[in-house]
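Going line by line, the protein sequences match chains A and B.
Using the numbering used here, the first residue of the first sequence is number 1, and each one after it goes up by one.
Using the numbering used here, the first residue of the second sequence is number 334, and each one after it goes up by one.
What the hints contain is simulated information worked out from the structure, not anything from laboratory work.
One should not assume that every hint holds.
Unchecked claim - DSS-like cross-link-like pairs, simulated, lysine-lysine; straight-line CA separation at most 30 Å:
no., chain 1, residue 1, chain 2, residue 2
1, B, K624, B, K365
2, B, K365, A, K107
3, A, K29, B, K378
4, A, K29, A, K221
5, B, K365, B, K587
6, B, K623, B, K378
7, A, K107, B, K587
Unchecked claim - Counterexamples of contact, computed for chain A against chain B with all Cβ distances above 10 Å:
no., residue
8, T50
9, E94
10, A127
11, S135
12, G171
13, D197
14, D222
15, E251
16, L275
17, E277
18, D283
Model, not experiment: these values are computed from the prediction.
Here a beta-carbon is modelled for each residue, glycine too, at the ideal position from N, C-alpha and C.
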Amino acid sequence: MIIEVEGLRKSFGTVEALRGVDFSVDEGKVLGLLGPNGAGKTTAVRILTTLLPPDGGRATVAGLDVARHPGAVRRVIGLAGQATAISPHLTGFENLEMAGRLYHLGKQLARRRADELLARFDLSDAAGRQARTYSGGMLRRLDLAASLIGLPRVLFLDEPTTGLDPRSRVGMWAIIRELVAGGTTLLLTTQYLDEADELAHDIVVIDHGQVIASGTPEQLKDRVGGDVVEFSVNDRSKLASALEAVSSLGEGEPFGDAESGRVQVHAGGRGSAVLVEAVRSLDAAGVAVTGMALRRPSLDDVFMSLTGHAAAEVPAGDGWRGDGSRKRKRGAV
Amino acid sequence: MAAPEAVVPTVGGPERRGEPYVLTGEPRAWLKALWAVGDTLVITKRNLLAWTRVPAYIVFTVVQPVMFTLLFRYVFGGAIHVPVPGGYVNFLIPGVIGQTAGFASFSTAIGLARDLQTGGVDRIKSMPTARSAFLAGRLVADTLRLFVTIVVMVGVGYGVGFRFSGGAGGAIGMVLLATLFGLAVCSVSALIGLAVKDEESVQAFGLIWVFPLTFVSAAFVPIASMPSWLQGFARHQPFTVVINALRILALGNKVEVAVGQSLGSALWQSFAWALGALIVFVPLATRAYKKA
């Protein structure tokens, strides 16, 4: 276990950001720390990277207690954050060289690593340009390169693709996969379920400062109960009758989104049977639907079933599980 | 259950583990001190490079004081009568230099607040970089910049008729005292920047206090020309004391009467203010940085 977290607690005034969090990461693996804004992900990362002292519990990185030996921890970790830590008026090369010097690599080694990393992240052509001229994707790559300059054993990536366009996002994923293939242990926080699904070996879901689920992406998907039958109601006013028609078919209550008219039924192991029954009962109820499909559950469904709200949404009792008429806001997932 | 914590041996240098080397223990004190100096220089270089690459920064730090010099020399100067040999320009240059030392602190507060906002501080704090280096690097860079600005202003002053008449020692003393005082004001600004944390708020109101201190002083006009209720503050506040010392250093002991203070008195009060500010504000700013 290269990262171990036990009973970690942190409060800011009266707000309990972490309320006894436990998880661990094996060397060379990727842990996805998943949760909505304000769930406590960033607080956990700030404690593990020695930026914040914990109020209680224990956290070790590479066997070193973060509270007792922060200096030693800093020599084995790298951090790339949400906000870019790049100096805009320095060139890409100067930014990396500076990071290397601040890792105490010495001038020669810092320069060599800077060149290597620029080449590896496809930034060699832009090495002599000031970072303020870089695109968003280039800045993230440079930021990631800076966090790797000290060859960290454990890398912390705090929402590495938040705010990136889809193409840059996929590019970042490829880079991250390559890093992991090279043996770097990675702790990744994200609000994007597809990102965790793509990159993480293990996932820990945090909500309101507590771990509410953990396991591999597959294990978490199995917890939702197998396949999902999904369809859209053409006439939004018929949403309630559609939910009633399919309410007894799946496992648990079906889920309806008032805005999009989308309905999800968790079908367990009986996917095709539920699909057929749903078509019959919707037809009998006189509800016209489109896009009827049977699919494997996504982490989206996992998050929904665990927390009752979508991953990127602020929880405020806004959820609607086929038993009320309140509109549910859907966040960008 | 947690694995037993790794043994943390004391080491004196990088422990090689193949090509990537990792220090497993706490370094010795001498190595830490050496790193702190090196880290400070790296961050100083970063700040100075940014300064030379942003035209707006250069305008603000160099062109603005030169404009003040020219404005007061040619626009207001004719209306201001001072009992100083060589006329108003000799009175003005040490005053503008004192003001510049105060204004130099703007970039300290703004730069630190910006670094906090953009996440630059978090990155550096997660690295094995010395804790003191970030603030020290900022203060050293700003002080070097101020030094360059002061030298430029002396040059501009010579162009518009200013002459040292207190000897080479006095001239050097004036530049060094102004730089030291600037560093002290920067340390106050550093605390403001780190405490306010927001670049726009710092620009809007974090630095307002510098204006009354520089203008309600002996920088541009003799204090005797101010209303009597203002004179008490103007005569004893730190900017006036320092500017008095700068004037006597630049122009020689013969202006002590005109300045209204002896060199000895102005010097010890200047040092007291400058060192006092550093002793109080550097630890406070360091603490604010660690908590930020």
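Could you tell me which of the hints above the structure violates, numbers in ascending order?
-> Of the numbered hints given earlier, those the structure breaks are 3, 5, 7, 8, 9, listed in rising order.
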